[in-house]
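Number of protein chains: 2
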Amino acid sequence: MRHKFIYRNLALAIAFLFTLATYSQDGPKWVELFNGKNLNGWKKLNGTADFKVQEGAIVGIAKLNTPNTFLATEKKYGNFILEFEFKVDDFLNSGVQFRSDFKSPKGPVYGYQFEIDPAQRAWTGGIYDEARRGWLYPLTYNPQAKTAFRNGAWNTARIEAIGNTIITWVNGSPCSYIEDDLSPEGFIALQVHSIGDEKDAGKTVAFRNIRICTTEPEKYRTVTENGKFADIPEINCIPNTLTAKETSEGWQLLWDGKSTTGWRGAKIPTFPTGGWSIEDGILKVHKSDGGESTNGGDIITDRKYRNFILKVDFKITTGANSGIKYFVNPELNKGAGSAIGCEFQILDDDNHPDAKLGVKGNRTLGSLYDLIPSRRDGDFTFRKNDFNTAMIIVKDNKVEHYLNGYKVVEYERNTQMWKALVDYSKYANWPDFGNLAEGHILLQDHGDEVWFRNIKIKEIK
Amino acid sequence: MRHKFIYRNLALAIAFLFTLATYSQDGPKWVELFNGKNLNGWKKLNGTADFKVQEGAIVGIAKLNTPNTFLATEKKYGNFILEFEFKVDDFLNSGVQFRSDFKSPKGPVYGYQFEIDPAQRAWTGGIYDEARRGWLYPLTYNPQAKTAFRNGAWNTARIEAIGNTIITWVNGSPCSYIEDDLSPEGFIALQVHSIGDEKDAGKTVAFRNIRICTTEPEKYRTVTENGKFADIPEINCIPNTLTAKETSEGWQLLWDGKSTTGWRGAKIPTFPTGGWSIEDGILKVHKSDGGESTNGGDIITDRKYRNFILKVDFKITTGANSGIKYFVNPELNKGAGSAIGCEFQILDDDNHPDAKLGVKGNRTLGSLYDLIPSRRDGDFTFRKNDFNTAMIIVKDNKVEHYLNGYKVVEYERNTQMWKALVDYSKYANWPDFGNLAEGHILLQDHGDEVWFRNIKIKEIK
Numbered sequence: 001m002r003h004k005f006i007y008r009n010l011a012l013a014i015a016f017l018f019t020l021a022t023y024s025q026d027g028p029k030w031v032e033l034f035n036g037k038n039l040n041g042w043k044k045l046n047g048t049a050d051f052k053v054q055e056g057a058i059v060g061i062a063k064l065n066t067p068n069t070f071l072a073t074e075k076k077y078g079n080f081i082l083e084f085e086f087k088v089d090d091f092l093n094s095g096v097q098f099r100s101d102f103k104s105p106k107g108p109v110y111g112y113q114f115e116i117d118p119a120q121r122a123w124t125g126g127i128y129d130e131a132r133r134g135w136l137y138p139l140t141y142n143p144q145a146k147t148a149f150r151n152g153a154w155n156t157a158r159i160e161a162i163g164n165t166i167i168t169w170v171n172g173s174p175c176s177y178i179e180d181d182l183s184p185e186g187f188i189a190l191q192v193h194s195i196g197d198e199k200d201a202g203k204t205v206a207f208r209n210i211r212i213c214t215t216e217p218e219k220y221r222t223v224t225e226n227g228k229f230a231d232i233p234e235i236n237c238i239p240n241t242l243t244a245k246e247t248s249e250g251w252q253l254l255w256d257g258k259s260t261t262g263w264r265g266a267k268i269p270t271f272p273t274g275g276w277s278i279e280d281g282i283l284k285v286h287k288s289d290g291g292e293s294t295n296g297g298d299i300i301t302d303r304k305y306r307n308f309i310l311k312v313d314f315k316i317t318t319g320a321n322s323g324i325k326y327f328v329n330p331e332l333n334k335g336a337g338s339a340i341g342c343e344f345q346i347l348d349d350d351n352h353p354d355a356k357l358g359v360k361g362n363r364t365l366g367s368l369y370d371l372i373p374s375r376r377d378g379d380f381t382f383r384k385n386d387f388n389t390a391m392i393i394v395k396d397n398k399v400e401h402y403l404n405g406y407k408v409v410e411y412e413r414n415t416q417m418w419k420a421l422v423d424y425s426k427y428a429n430w431p432d433f434g435n436l437a438e439g440h441i442l443l444q445d446h447g448d449e450v451w452f453r454n455i456k457i458k459e460i461k
Numbered sequence: 001m002r003h004k005f006i007y008r009n010l011a012l013a014i015a016f017l018f019t020l021a022t023y024s025q026d027g028p029k030w031v032e033l034f035n036g037k038n039l040n041g042w043k044k045l046n047g048t049a050d051f052k053v054q055e056g057a058i059v060g061i062a063k064l065n066t067p068n069t070f071l072a073t074e075k076k077y078g079n080f081i082l083e084f085e086f087k088v089d090d091f092l093n094s095g096v097q098f099r100s101d102f103k104s105p106k107g108p109v110y111g112y113q114f115e116i117d118p119a120q121r122a123w124t125g126g127i128y129d130e131a132r133r134g135w136l137y138p139l140t141y142n143p144q145a146k147t148a149f150r151n152g153a154w155n156t157a158r159i160e161a162i163g164n165t166i167i168t169w170v171n172g173s174p175c176s177y178i179e180d181d182l183s184p185e186g187f188i189a190l191q192v193h194s195i196g197d198e199k200d201a202g203k204t205v206a207f208r209n210i211r212i213c214t215t216e217p218e219k220y221r222t223v224t225e226n227g228k229f230a231d232i233p234e235i236n237c238i239p240n241t242l243t244a245k246e247t248s249e250g251w252q253l254l255w256d257g258k259s260t261t262g263w264r265g266a267k268i269p270t271f272p273t274g275g276w277s278i279e280d281g282i283l284k285v286h287k288s289d290g291g292e293s294t295n296g297g298d299i300i301t302d303r304k305y306r307n308f309i310l311k312v313d314f315k316i317t318t319g320a321n322s323g324i325k326y327f328v329n330p331e332l333n334k335g336a337g338s339a340i341g342c343e344f345q346i347l348d349d350d351n352h353p354d355a356k357l358g359v360k361g362n363r364t365l366g367s368l369y370d371l372i373p374s375r376r377d378g379d380f381t382f383r384k385n386d387f388n389t390a391m392i393i394v395k396d397n398k399v400e401h402y403l404n405g406y407k408v409v410e411y412e413r414n415t416q417m418w419k420a421l422v423d424y425s426k427y428a429n430w431p432d433f434g435n436l437a438e439g440h441i442l443l444q445d446h447g448d449e450v451w452f453r454n455i456k457i458k459e460i461k
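Line by line, the protein sequences are chains A and B.
Numbering (my numbering) for the first sequence: 1 to 461.
Numbering (my numbering) for the second sequence: 1 to 461.
Be aware that one or more of the hints could be misleading.
Any copy, or any two copies together, can satisfy a pair, since identical chains are not distinguished.
[As the list claims (entries may be wrong)] Think about it this way: if two alpha-carbon atoms lie no more than 16 Å apart in a straight line, the pair counts; the simulated EDC-like pairs of lysine to aspartate or glutamate are:
| # | residue 1 | residue 2 |
| --- | --- | --- |
| 1 | Lys419 | Asp289 |
| 2 | Lys284 | Asp90 |
| 3 | Lys360 | Asp432 |
| 4 | Lys398 | Glu412 |
| 5 | Lys43 | Glu400 |
| 6 | Lys87 | Glu331 |
| 7 | Lys267 | Glu218 |
| 8 | Lys258 | Asp379 |
| 9 | Lys75 | Asp302 |
Just so you know, the hints here were simulated from the structure itself, not pulled from any lab data.
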C-alpha cells in the first residue's frame, strides 16, 4: 500500500511538471467542485433519483418513474476548463450539464450536456442540448472519437468552454467542437437519466475529482501542434456566420442571412417578388396551395458548383414538402413544375402523402427524391420542431446526403447502374439526368411553409 | 540512292543476325509467296476488285458492286509461320485469310482471317472466321493490342498457326491467341473488302514481303520469357475442352460435355428426367410452351460459387427466351416459376415480346434481367445463328456481364444504390436480392429451345 502511495504521488508530480511545461509556468488555478465527503455546494433538480457519496465519488442511482434527475452546482460558471472522472454501468445513459439552467425547481433543466453513452452508439463526449435543441454534436460528426470511452472503467473528461467555443475530450481524445452563443453561462450538473425498464433500477453513474479553472482559462486552453484548438470537425451553431476555422478551410456563406444576393428564380432572371421572405436571418418559403413552383417558384444560386460540401439548415411546418436540389440545369424544364436536378428531399414524413408514394420510401425526408430512400436506424435524428442540418457532399461522381451529421444516402452517378435506376424513376426521360459536371443549387417552393438559414458551401477539388 | 541501298542492306544484315541469334543457329527456312514482280502463284476468288503489282507490292483496289475479293495462293498450308507487311487507306477494311477454302470459284471464301481494321474500332490483328463463325478473337479480348497498328504506314504482321494454336502479331505486339481445330489447312488470301459507298472506290490496300516458313515451324515459334507462346488472353474455340494454359490458370469445366454430372434440377434433388437432352457435346433445353420452368425446369450446379469468371456458350432459336443465373438460392422460391438469382438474360430480342417490356431495354439479351439494360454500340456482337459466349465476372460485390468479349453490363451489389434499383424491379420483395456471398449457377428452362455448351469456370480469390 505504501509503494502504491509513493507511485501515485510520483505520477501526480510528473503530471504536474508536464502541465507546467505544456500550459504555463504557474499552471491553471483549479477549484474542486466536490469536497470528496458530502454534497455541499450541490442541489438536486428536476427528478427524484438519489445521489450519495461513496469512496470519494458522487454516485447517482437510477430510479423508475422519475424524469431525468440532476445534481447541480449552486454557482454558475461562464468561461472555464472543467475536468472530472466518470464511470457508468452498462446501458445507463448519463451526462454532465454545463452553462445550464432550469425554468423552475422541478425543471426542466436545459442547456449543454457532455454526453455519457455506454450503449452501442458510443457517443460519449458528444454535446446534446438538453430540453432545448437536441443534438448539437453527435459523434457521427467525429466517428473516431467513439473509441475514446472505456466501458466499466473510470474515464477522464475535459470541457473547455471559452467564449463561443466549446470543446470536449474523453481520456485525452478530442470528441466534440462547437461554436455557439446561446448560453454564455450557467450551472454544472450531474445527470441520472430516467429509465424505462425495471432491470435498470439501481444502476449507477459515479463522478469524482471534479475540478474547474475559471481564472484566465484562455491561458490554459488546449492548443494543438498546428496552432488549432482541436483537430476535429467543428460545428458552428451560430446561424449565417463563419468561424475563423471555417474561413480558413474554405467555407463560404451561400446566403448572407439578410438579402437575396447570389440567388434568383429558377425560371426568371431575378429573385421572385413574392412567395419568399427574409426575417431574422431566416429565408422562408410561404404557404400557398402545396403545388410545385406555383407561387414564388424555386430559387437557384447565380453560380454553378462542381465539387462541394453544402450545408443548409431547414425547419419544416406540419405537412410540409420542399427540397434542396443540386446539379440543376434550369434550361431543361421550361414548362410547369420544379427545375430539374438531384433532390435532397425535405418532407414531413408523418403528414405529407408523398412519403408513402414512390417506391419503398424513396420520397421520404433525406432521400434522393424518387431514387434512393434515406437510411433509418438508431443514429438517424430529425427535429420536427426545430432546425435540422442537411449536408450534401459531391466529389465528382460520388455523392452523399447527411441529415444532422448522419449519412442517409450515398451513390455514384455517371455509371450504368445509375442510369438503370434513373430509367425506372420519374426522371427517366430527362436527358442524361444527374450526370452534369456542374450545376446550380436550388431551394424548392412546393407551396408549403419551410424555413432555411445557415446556407454555406465549401468547394473542393 | 546509293547510300540508301547500303543502309538497307546493312539493316537486313542486322535483322538476319538478330534472327539467327533469336531463333536458331540455322534460322527459319523462309519461302517468299510473292516474287515482287507479278502475281504468279496467286488466283483471284469471290469478287471482281482488281489487284496489281506496284513498287514491289501487291495492291488491291476497292470497287463498288462486288462482294469481298480475294487473291489466294494456289497452294494450301497447314502449320506455318507467315510474315508480311501491309498498308491500308483510311476506313478501308481488309484482311489476310489463312487455312481458308472456298466452296466454288465464285465463293464464298471462308476460314480464318487476320483482320486489318483502320477504323476507330481498331481490331487489326484480331481473328475473324470469314463466312463461317464470325469473330473468334475481337480485340475486346485484348484491348491493349488496339494500339499496335499504325494508320497510313507500313505495318508488319506475323501469324503462327501450329497445330490448334493460332497467334497473331502486329508490329511485334501479340494481338490474338486462339485454340481451334476446325480447319487444319488451307490457302492464304489477301482481301479487298466490298464497299458500300462510292467515295471509297479506288482506295487501296497493299501487301509486300510476304514470306512463309513451313519447315519445322514449331522450332521457330515465339516463346516469351516465362515460357508461354504469348502473354495475352487465350480463347479456346474447341468446345468442352481445356487447354494447358486454361488448366494452369485454374479453369475447370463446369459441364463435361456428355453427362449430367454436377447439375440438378433447381427444385428437385436430381437432374430433370425430361425437358433437357445432351447431344454431340450440346446441352439442349427443349421447346415446350414458352413458360417459366414449366417443362423440365431450371437446372443448377450442385456447388455454390463466390468469386468467379464463368463462360457459357449459347445458341438461340427464333423467338427464344432463356438465361444464366448466378447467386441463386433455390430455397427462396418454392412456388411456380424460375429460381431466384441475378440473371444474364438470353433472348431473341427481335422476336420475343419481353425485349420490349421492362424499362428501357432492361430485359434484352445480355442485360441483368429487369435491372440493367445491356450496352449496345459498335463493338457489340451477337450471332443469331451460331454460338455466342456469355461471360460473367464476379469479384465480391463487383459484377460484369460480357457478350462475345464485349462488356455489356457492370454493377456493384450490396450498395444503397443497388437496393434502390432492386426495389424498383420485379425482385423488390425477395429478401436481400442479389446480395448473397455465394450461390448456385443456373441454366433456365423458359420453354424455348436453346443450346448450351463449353461451360467453364475459374474461381478467383
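Consistency of the hints with the structure:
For a Cα distance limit of 16 Å, the shortest separation of lysine 419 from aspartate 289 qualifies neither inside one copy, at 33 Å, nor across copies, at 34 Å. When the C-alpha separation of lysine 284 and aspartate 90 is checked against a cutoff of 16 Å, the pair qualifies neither within a copy, at 45 Å, nor between copies, at 63 Å. Taking CA atoms no more than 16 Å apart as the test, lysine 360 paired with aspartate 432 passes between copies only; the shortest distance there is 14 Å, against 24 Å inside one copy. For a Cα distance limit of 16 Å, the shortest separation of lysine 398 from glutamate 412 qualifies both inside one copy, at 5 Å, and across copies, at 14 Å.
Proximity of lysine 43 and glutamate 400 under a CA criterion of 16 Å is satisfied in neither setting, with 46 Å inside one chain copy and 67 Å between copies. Within a single copy, lysine 87 and glutamate 331 get their C-alpha atoms no closer than 60 Å, and across copies no closer than 49 Å, so neither meets the 16 Å cut-off. For the homomeric pair lysine 267 and glutamate 218, neither the shortest alpha-carbon distance inside one copy (51 Å) nor that between copies (74 Å) is at most 16 Å. Proximity of lysine 258 and aspartate 379 under a CA criterion of 16 Å is satisfied in neither setting, with 34 Å inside one chain copy and 57 Å between copies.
For the homomeric pair lysine 75 and aspartate 302, neither the shortest alpha-carbon distance inside one copy (51 Å) nor that between copies (75 Å) is at most 16 Å.
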